[in-house]
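> Each chain, letter by letter, is given below.
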Amino acid sequence: MTTMRDMTPYVVGRAVPIDPGASGQDGSSRAGCSVDSSWAVTMLRIRHFELKINELFARGEVRGTAHLCVGQEAVPTGVCAALRSDDYVSATHRGHGAAIAKGLSLYGMFSEILGRRDGYGAGRGGSQHIACMEKGFLGTNGISGGGLPVSVGAALSSKRLGLGRVAVAFFGDGVANQGAFHEALNMAGIWRLPIVFVCENNLYAMSAPVSSFVAGGSIARRAESYGMRHDSIDGNDVGQVFEASRRFVDLARSGEGPGLLECLTYRQLGHSKSDKRAYRTREEEAAWLKRDPIARERRRLDGAGIMPAADFDAMESRVVAEVASEAERALACQAADVSTLYDHVVPEAAAKTCGGITCPS
Amino acid sequence: MTTIEDTNTSQQRSKAGNMTMMNMVGALNLAMDDALRTDDSVVLLGQDIGQDEGVFRVTADLLARYGKDRVIDTPLAEGAIIGGAVGLAIYGMKPVAEMQFSGFAYQAFHQVEQHVSRFHNRTRGRYPMSMVIRMPYGGGIRAVEHHSESREAYYAHTPGLHMVMPSSPRNARALLLESIRCPDPVIFYEPKAVYRSFKEEVPEEPETMPIGKARIAREGSDISLIAWGAMVRPALEAAEDLQNSDRVSVEVVDLLSVSPMDTQTIVHSVAKTGRAAVVQEGPRNCGIGAEVIARIVEHGLMHLEAPIKRIGGYDVQFPYFARERAFLPSAERIANGLREVIAFE
Ligand SMILES: Cc1ncc(C[n+]2csc(CCOP(=O)(O)OP(=O)(O)O)c2C)c(N)n1
Ligand SMILES: Cc1ncc(C[n+]2csc(CCOP(=O)(O)OP(=O)(O)O)c2C)c(N)n1
Ligand SMILES: [Mg+2]
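Line order of the protein sequences matches chains A and R. Quick note on numbering: our numbering labels position 55 of the first sequence as 118, and the sequence is numbered without any gaps. Quick note on numbering: our numbering labels position 68 of the second sequence as 1314, and the sequence is numbered without any gaps.
Simulated from the structure, these hints should not be mistaken for lab results.
With a straight-line Cα cutoff of 27 angstroms, these simulated DSS-like cross-link-like pairs (lysine-lysine) come out:
| id | chain 1 | residue 1 | chain 2 | residue 2 |
| --- | --- | --- | --- | --- |
| 1 | A | K336 | A | K115 |
| 2 | A | K336 | A | K353 |
| 3 | A | K339 | R | K1445 |
| 4 | R | K1459 | R | K1518 |
| 5 | A | K222 | A | K198 |
| 6 | R | K1314 | A | K339 |
| 7 | R | K1445 | A | K336 |
| 8 | A | K353 | A | K115 |
| 9 | A | K115 | A | K339 |
So that you can see chain A by itself, here it is in the shape it has in the complex (with noise of 0.2 angstroms):
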């Protein structure tokens, strides 16, 4: 069998032993899920969520570039299924698997990014800027490294309030090199926040590959600087992601402090929608698909005599059929209203009486 470290020539990070003891306190959103096929349906939803999206931009319906998550879906749906509904999440511009994962509904992602009135922003906002904060979905970001100063402060934020939320800030490995990820990381780190910062390592940011972009060979143990616990993990296995984010959530919960789980996973499509992939070979990707998530998952299920892979199937079915129509409810919706763009920007008064000009029609 390849294991990770054959796969990649980067260096995974060891672990810093963390306290056993501290792990288990709250079982309230995870009870079942290892022997069900919860898990199963997330990432399904995931997967049939991006591959309706390609089939948009492939029929016109939608402009513009999407980053989609296709075989990276055991992270997101690994690391909620271990949180409160209550918890924070922020998400990077591939962040469709995470607002899934943490609740978000089909028809209101699908709205967002065909531009339709009832997408999360009203369809003003696209892929990228997907927030429902009632769901505690801080949203997925344009810019990388976005998300992660502003799950700090809701950290901080929970921290001060007493409100016992844990705080997740997915970031993707090319982040690790931004200036934002070492201030936030300094400041969990001081404050011993309760957050967990969950890096995405698909190995490659854009072009650029880990094993020769990142100075030390481990994002993972860059958190040794910060004094915060770390891990890395196969990413493309829900329940390892699963069992390493209850460890880091339950301790961050329960006043331990802020960690860093590296969860190695492997993007399946193009960074977006044009990429000649010219920077990895095509043996490397067939690699990969070899260690698919929800293969994975349908294979585990199957042996564990939880769900035999037909009963699987049908569920898959079920779950694109949910997703087809979720889509058609969204294209059916009005398109986000011109006459509201003034709307929600401070000054509002201020901007729509600027000049004497009115909203455009």
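Go by the hints and put chain R with the ligands onto chain A.
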């Protein structure tokens, strides 16, 4: 080598030698190729500019031609890219840095504002900070917020920077080459809507154009329309429409550099026409349009026969794809604005 200034259309061909039709992406690539070939101190830096050839493929083939010491792929770290360019420039290199979108350049704004723009002054002129920071700006590709905005005013407001905004393949090539040769720092805002929208003849021989000089893109006598960057095309269309439908003769001034701004060309045009309108893509509040109008008022108020009209973006976040057209000034919106000024008695 020629400058566009010494050529006019009829002489272009003979003076400039062979011409090739190309789009703006090709023209910008040509300028960087000219610079890399003729000046060893020129280096390119940016994310994914090498093998990946940049998000918009503007650096195509340059890695293969000049190698990785001169076409440098950097980590995702805009601040260190621009800060690094400062260090390179101090020691005689000529960095040409690429930001993938102008909306990501804020991650480097501290370096631009605090160091790039000040080193010349700080060293009493001994280290003039010869560098170019290129970035695609503006709408037209239906991308989300930061990927579509026009914020030239931030840079024009900062003393110590040149802010250049080409409008066509030929002037883009000439201005980029001039910007690389310029001893001072240049923010080079590339209108991504124009990248591949049309082709123009560009001379094979290196050609430059002075920074700080506007161009009369269309001569006219009834009203002056001041535009820059991606707005020049719809401005010219609007001018054509008004000529055809209203028999109004519009003079279009293409700023090319928004800082330094060519006050003389603007005021000279307004003195001739007596009326003016400005079209800008960015939000209107405190934009370049306001500066243009201030200059007309300061230096040419007595020529005016009507209030000046601002046509532009709105003071809102750039709306996502389906509403992009509502935000961007169209030829029709520009034409209507011009009609208002013409109608004023
Ligand atoms: C500040 C900033 N710089 C550049 C970009 C353009 N960009 C979008 S995604 C990306 C690569 C991100 O790589 P990584 O963090 O590894 O995430 P991945 O795409 O692999 O999921 C870049 C450079 C951006 N969005 N924001
Ligand atoms: C970006 C920025 N933020 C804040 C300041 C204000 N400031 C000046 S010195 C200083 C403290 C610096 O501490 P340290 O780096 O330890 O240097 P020391 O003063 O101890 O020599 C601060 C916050 C600044 N100059 N620049
Ligand atoms: Mg990555």
